[in-house]
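Novice: Could you put together the complete structure from these sequences and hints?
Protein chains: 2
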Amino acid sequence: MRLYVLVIALFTSLLQADLISPLPTDTKYDQKKALLGKKLFNDPRLSADDTISCASCHLLEDGGDDNIKFSFGINAQEGVINSPTVFNSRYNLSQFWDGRAQDLQAQASQPIHNPIEMGSNMDEVLSKLKKDPEYSVEFKSIYKDAITKENITDAIAEFEKALVTPNSKFDQYLRGDKTALNKEEKEGYKLFKENGCIACHNGINIGGNLYQKVGILKTYVDKKNTLGRYNVTKKEKDKYFFKVPTLRNIELTAPYLHDGSQKNLFDIVNFMTLYQIGMVPDKEEVKKIVSFLKTLTGETPKIMSINEK
Amino acid sequence: MRLYVLVIALFTSLLQADLISPLPTDTKYDQKKALLGKKLFNDPRLSADDTISCASCHLLEDGGDDNIKFSFGINAQEGVINSPTVFNSRYNLSQFWDGRAQDLQAQASQPIHNPIEMGSNMDEVLSKLKKDPEYSVEFKSIYKDAITKENITDAIAEFEKALVTPNSKFDQYLRGDKTALNKEEKEGYKLFKENGCIACHNGINIGGNLYQKVGILKTYVDKKNTLGRYNVTKKEKDKYFFKVPTLRNIELTAPYLHDGSQKNLFDIVNFMTLYQIGMVPDKEEVKKIVSFLKTLTGETPKIMSINEK
Chain A
1 MRLYVLVIAL FTSLLQADLI SPLPTDTKYD QKKALLGKKL FNDPRLSADD
51 TISCASCHLL EDGGDDNIKF SFGINAQEGV INSPTVFNSR YNLSQFWDGR
101 AQDLQAQASQ PIHNPIEMGS NMDEVLSKLK KDPEYSVEFK SIYKDAITKE
151 NITDAIAEFE KALVTPNSKF DQYLRGDKTA LNKEEKEGYK LFKENGCIAC
201 HNGINIGGNL YQKVGILKTY VDKKNTLGRY NVTKKEKDKY FFKVPTLRNI
251 ELTAPYLHDG SQKNLFDIVN FMTLYQIGMV PDKEEVKKIV SFLKTLTGET
301 PKIMSINEK
Chain B
1 MRLYVLVIAL FTSLLQADLI SPLPTDTKYD QKKALLGKKL FNDPRLSADD
51 TISCASCHLL EDGGDDNIKF SFGINAQEGV INSPTVFNSR YNLSQFWDGR
101 AQDLQAQASQ PIHNPIEMGS NMDEVLSKLK KDPEYSVEFK SIYKDAITKE
151 NITDAIAEFE KALVTPNSKF DQYLRGDKTA LNKEEKEGYK LFKENGCIAC
201 HNGINIGGNL YQKVGILKTY VDKKNTLGRY NVTKKEKDKY FFKVPTLRNI
251 ELTAPYLHDG SQKNLFDIVN FMTLYQIGMV PDKEEVKKIV SFLKTLTGET
301 PKIMSINEK
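Line by line, the protein sequences give chains A and B.
Sequential numbering of the first sequence, starting at 1, is according to the working numbering.
Sequential numbering of the second sequence, starting at 1, is according to the working numbering.
I should point out that these hints are in silico values taken from the structure, not numbers from a laboratory.
There may be inaccurate statements among the hints.
Using 16 Å as the maximum straight-line C-alpha spacing, the simulated EDC-like pairs for lysine to aspartate or glutamate come out as follows [claimed, not checked]: (1) B:K224 x B:D132; (2) A:K294 x A:E187; (3) B:K28 x A:E150; (4) B:K144 x A:D50; (5) A:K131 x A:D50; (6) B:K140 x B:E150; (7) B:K237 x A:D154; (8) A:K149 x B:D30; (9) A:K28 x B:E78; (10) A:K128 x A:D43; (11) A:K178 x B:E236.
If the Cβ cut is set under 8 Å, some of the chain B residues that face chain A in the computed set are [unchecked claim]: (12) Q16; (13) L19; (14) L60; (15) A106; (16) C200; (17) G215; (18) Y220; (19) V221; (20) S261.
Predicted, not measured: the structure shown is a model, and the values here were computed from it.
Yeah, the Cβ is synthetic: ideal placement off N, Cα and C, and Gly gets one too.
Specialist: Next up, the structure:
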């Protein structure tokens, strides 16, 4: 068939091209706002009983998520979906697994209101933080209207914009240092392209750029029957669609999949091979892809070592 | 060869999946800031001789760019690269063809400083706009520090965030309305996937998500020897790399390519087939792909019909 001949020629040639771009090494953000946001990000007063901060589930020292299947909110309540990493989230088309927040600022207030996460609300948070004279001074020095609900989420979003992790081994490789990857890692990258992982995990964030069905070629329904994008659009065809997650720092963010069902990188690569590209996983190939995935770990964002004034 | 068998199986299956996601229909932005930004976007005082506004080259009634090869700046000076569309630019990984601005705010001041574009600078702009009592009042009502250089670009960026064009025929199709595309358009989309256009033009913006070489399979050097991404990174390997442009509203943004050398959609699809995927274009196929591309034209952003107070 003519199509297949074309497809082979094309695919072979596309394998020569890198469909992923490196992260910038000089991320731009408003430092004053971001440092205020850093403080808020780590502040448990954002939760009803002053126990849970953003950083409770998005551990900045450990991949930007926690390492459990579902996070725990106030009163030890268990969440229903795996916490995604906060790192490099500025490059996602939207926030949350189902994309229900269009940007980082819109995202920031939702866990505050979620009864099984922080169980609070922006009015309550505002009233608590207003009592803190340090915050008053800091907000006043940045925002015309000083401390407001909107400015709280704006500062958190600005901090998150600073959470970019550049200079992974793979980014160094993309920038031209062909020695940055070893033989096995290079073979893994080749397989990542050949096996079509790159069809969804591409662009600057190696994902985060579209919604895709979990279970394209083999039906997958998780134990909680999480409907994903359907919850936003209420369209039957969006059932089991989720935002394709970034693969940056993936080594640090186990367990995997929206339901946290895949314990390690081998499990998730096996799962993806089977459910997303409909192939029987080859042990040797999976090993190489895992080696490649481990080259996607970047540097700690500079803002994490800057102390607030 | 085993690889080819796999590739065929994989590619055939991938064709079933949509690697593009529709734009949101309810774009979120700060309306007060965005309306101020709209006024600034249309204000020729941003240029040295009060003749050129952002809207001079990014015509909002006509695809968000002008329809000439290179735009003209002050004193009828001709630019060196084709003006990209301002629509949906919030979804690009960076701004400008070479990605030298990380976000919309960083982008906004550069044409002001470019001697062959607006030929001014932010100090001059600030001093001119400060004399306008209307601006004084408006900025004061939004920003703590009233009118500043940073707040000028912040407001312009917020306006640009509102310039999203949802509900194209193709987005309706992606949302589940299979009648939104006719037979030829559907065949065009199939070819767009089969021929590998989708490898770079994917995600929410159908492009805008990575840098790629112009001339992957056939060398292309334009008349001005535009080096693209190399200008930012100074790495030999980045020569002739450009940000993959969004294909949204592509029907409205001729001429095409960074050098504006391709007059219409037929020309650019022929060019891409030859230079990017190394195939001889088939007239009938090109026609179908062009029909598909015309389904990517979205609705006029709501903010364009909102009048400033």
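Novice: Indicate, hint by hint, whether the structure satisfies it.
Specialist: Against the structure, the hints:
no. : hint            : verdict
1   : B:K224 x B:D132 : 41 Å, violated
2   : A:K294 x A:E187 : 13 Å, holds
3   : B:K28 x A:E150  : 13 Å, holds
4   : B:K144 x A:D50  : 30 Å, violated
5   : A:K131 x A:D50  : 14 Å, holds
6   : B:K140 x B:E150 : 14 Å, holds
7   : B:K237 x A:D154 : 38 Å, violated
8   : A:K149 x B:D30  : 14 Å, holds
9   : A:K28 x B:E78   : 30 Å, violated
10  : A:K128 x A:D43  : 11 Å, holds
11  : A:K178 x B:E236 : 13 Å, holds
12  : Q16             : 7 Å, holds
13  : L19             : 6 Å, holds
14  : L60             : 21 Å, violated
15  : A106            : 6 Å, holds
16  : C200            : 7 Å, holds
17  : G215            : 11 Å, violated
18  : Y220            : 14 Å, violated
19  : V221            : 18 Å, violated
20  : S261            : 21 Å, violated
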